[in-house]
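Asks: As they're listed, the protein sequences go chains A and B. For reference, each letter of the first sequence is one residue, going 1 to 524 in UniProt numbering. For reference, each letter of the second sequence is one residue, going 1 to 280 in UniProt numbering.
FYI, nobody ran anything at the bench for these hints, they're computed from the structure. Given the structure is predicted, the values throughout are model-derived calculations rather than measurements. For every residue, glycine included, the Cβ atom is placed at its ideal position computed from N, Cα and C. Keep in mind that the hints are not guaranteed to be accurate.
[Said to hold, decoys possible] Here are some, though not all, of the chain B residues that point toward chain A, as calculated from beta-carbon distances under 8 Å:
#, residue
1, 93
2, 94
3, 169
4, 170
5, 173
6, 176
7, 182
[What the hints assert, rightly or not] A few chain B positions that, by computed beta-carbon distances, are all more than 12 Å from chain A:
#, residue
8, 39
9, 48
10, 70
11, 114
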Amino acid sequence: MSEPLLHIRDLSVALPKGADRPFAVKGVTLDVNPAEILCIVGESGSGKSVLTATLMGAAPKGLSVAGGEAVMGGRNLLTLTERQWRQIRGKDIGMIFQEPMASLNPALTVAQQIEEVFELHADLPKAERAARARKLVEEMHLPEPDRILQSWPHQLSGGQCQRVVIAMALAMSPKLLIADEPTTALDVTTQAQVLKLIRELRDSHGHGIIFITHDLGVVADIADRIAVMRHGEVVEIGTAEQVLKHPQHDYTRALIAAVPSLVPHDRPAPGAAEPALDVTGLNHSYGAKQVLHDIQIAVAPGRVVSIVGESGSGKSTIAKNLIRLIDPDSGRIAVAGEDILGLKGSALRGMRRKIQMIFQDPFGSLNPRRRVGPMIARAAVLSGASRAEAAGRARELLELVGLDRSAWNRRPAAFSGGQRQRIGIARALAMRPDVLIADESVSALDVSVQAQVLDLLADLQKRLSLAVVFITHDLRVAAQISDEIVVLSKGHVVERGPASEVLTRPQHPYTRDLIAAAPGRDAF
Amino acid sequence: MRQLTPYLQKPLVVVGGALSFGWLLIAILAPLIAPYDPLLTLQPLAKPLTQGANGEFFLLGTDMLGRDIFSRLIWGARTVVIYATLATMTAYAFGLIFGLIAGYAGGRTDAVLSFLANVVLSFPVLVLYIVIIVTIGASPVNIVIAVTFSSAPAIFRIVRAITIDVASRDFVRAAITQGESTGRILFVDILPNTTGPLAVDFCLRLGYTAITIGTLGFLGLGLPPPTPDWGGMVNEGRAMAIAFPHLVIFPCIAISSLTLGLSLLADGLREVNEAKERQA
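Assemble the whole structure, with the sequences as input and the hints as a guide.
Replies: Here it is, written out as structure tokens:
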């Protein structure tokens, strides 16, 4: 094996006093070789982002390197001055961030931004800079390179932006590329293309790449070697084959076990029950642009129907229509046989009890100023319970979603993302709804927590015989929880059917693309 | 108490708080602290730290009518603290209610309310005060009305902006989908989430109002004499300020120390709030 590109030995980064642990990164030792993709996997708080920020000389404020070294090209990166760093960043180490839109300057065209990298690091004539920029854009497989070069970031899609960011990171052909969750903000089909591009770059240019992600599916698709981080330490490191097929550490095993399978469970056939939720002919427009076309969805009590689609497919617009946050152009939404679209005032407020929503963002969906117990009890009161009944119901629900009694008097800030999502579920259930809408309700959660919340939802749904509309971009999650899957593309339902049918024998080309793009399809 | 700890660790909060609450305490305890009746003529134009003919001691001297300046400052604190607080609170009552409504309802309601606020805001504040006081006369209640009328629109705009932000969060949507009434959404869900920035603004505005009341007093539009009033004291002493600087210096120090205290307190609160937000 050739000499490693980057050699990290016993690197520790200290957290400020009063944090929940003394070190953000503790005693990390690892090598990155040329022409190799090293994936660093970990859940939130594992220290993976602090590690890479430190390697870029940009450790977050308040954190300080407590020991160890990171040697690249004979120099210890950790002792460089800010001036020396400026020579290295972009030239020897390239960086790709999570949010492609945020990493581009909205006031400069693509051509200007790429050429700016050359201006900083190389003394090239203008024509040469432009030629190189164009060549880079072509290498990124961006369509119509000339148009892209003259575009501003807002005119490009997320995937296109991320490719421009990669082009900028590669402009000076750095030996080492650090990519922090570079595909997390992208749709699966776009993600698949960007992953393919990154693999090509490794093969054609021999870059050493540190690829940080929380998604084991992505890891399985792209990693040569894998380092698993937890609480700031590397608990396991090895080749992709070793780590994924023969994990040694318990935590790695647990992580792998938590990845939802793409193979759906066998589900009983639907009974002949009246649908609890019946949506027919739903059309919705934002201004002149129609975003939903003739949507039909029927969910019987005790069944889960998933709406699967990429960003912009209109799935959140459906959710907002269902809970009457916005009103459609036309169509019918019936809950327990009653059309809810015509309702106003107190009739509308009365209906709201029957159809409840669990939101995506566990941090935004709970009022930070209210205590958890009274918050849930208030929902029960609104559904018509007396105060005493409501308090009792809230206590039961807290227990049902697996939270401790002491949760009652705490505010949301005292809970983790997964616990907050449980509180959100308890609040929705406190109204004794017939229909539950879960809008990307597990997307913001770490994979192990995601599995627990999914189990909880599935269990409650069966026990309470709820009709659930589960909205997600993640086919794996949909496979785990759904009886039926509805595939949405650009506001049209392109395919629907039992989960096992849709996932194993997809009929529509779009569904096939989606399934083919699901990361780590062969591994899990 | 534990919630107060981060505030008490800030020197800005401690110094600002000590100045502001010191004046509050002086205002409350005025009858106990003041050595003399603020309206009583003792000996005209005594210098500070002098002894009177009848054995009185004038810490800060006396004015041209022979009234003890120290006692007048202490009683004047009452006027400022009571009316500045009252005026700021009524301004807040209006600003909060209309700001919440406009920010939450949006659309035409917001357009109309914002337009009205902007009309009031387009007048220079001092001109507005003078016009109002001259029209309705100088009295404690009218001062409160004038301050309310001219500050409420600015408060309205702040509250409206914060409300628009808070109302877009999912917990407000959750409250809507639970069938919560609009009133409760405004006052139970949204209002408590606006208090951080509003507390800062309240302190600052209280300081401005103290200055305003001082300014009105100085212009002769404040409380009718002989009520002890810091601005009025500066005005009365102005003509003889060169020969007897103590007539104006001490009331000026009183006004600026109270305003400074409130500004420091506001800055400190803002720093703590920002630190809290960063943590979250």
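Asks: Work down the list of hints and note, for each, if the structure agrees.
Replies: Right, here's what the structure says about each hint:
1. 93: Cβ of residue 93 (chain B) sits 20 Å from chain A, so the hint is violated.
2. 94: Violated. Min distance 23 Å.
3. 169: holds (5 Å)
4. 170: holds (4 Å)
5. 173: At 6 Å from the nearest chain A Cβ, residue 173 (chain B) passes the 8 Å test, so the hint holds.
6. 176: With Cβ-Cβ at 7 Å, under 8 Å, it holds.
7. 182: violated (10 Å)
8. 39: holds (48 Å)
9. 48: Correct as stated: the minimum Cβ-Cβ distance to chain A is 50 Å, above 12 Å.
10. 70: holds (45 Å)
11. 114: At roughly 23 Å from the nearest Cβ of chain A, residue 114 (chain B) sits farther out than 12 Å, so the non-interface label holds.
Checked against the numbered hints given earlier, this structure breaks hints 1, 2 and 7; the rest are met.
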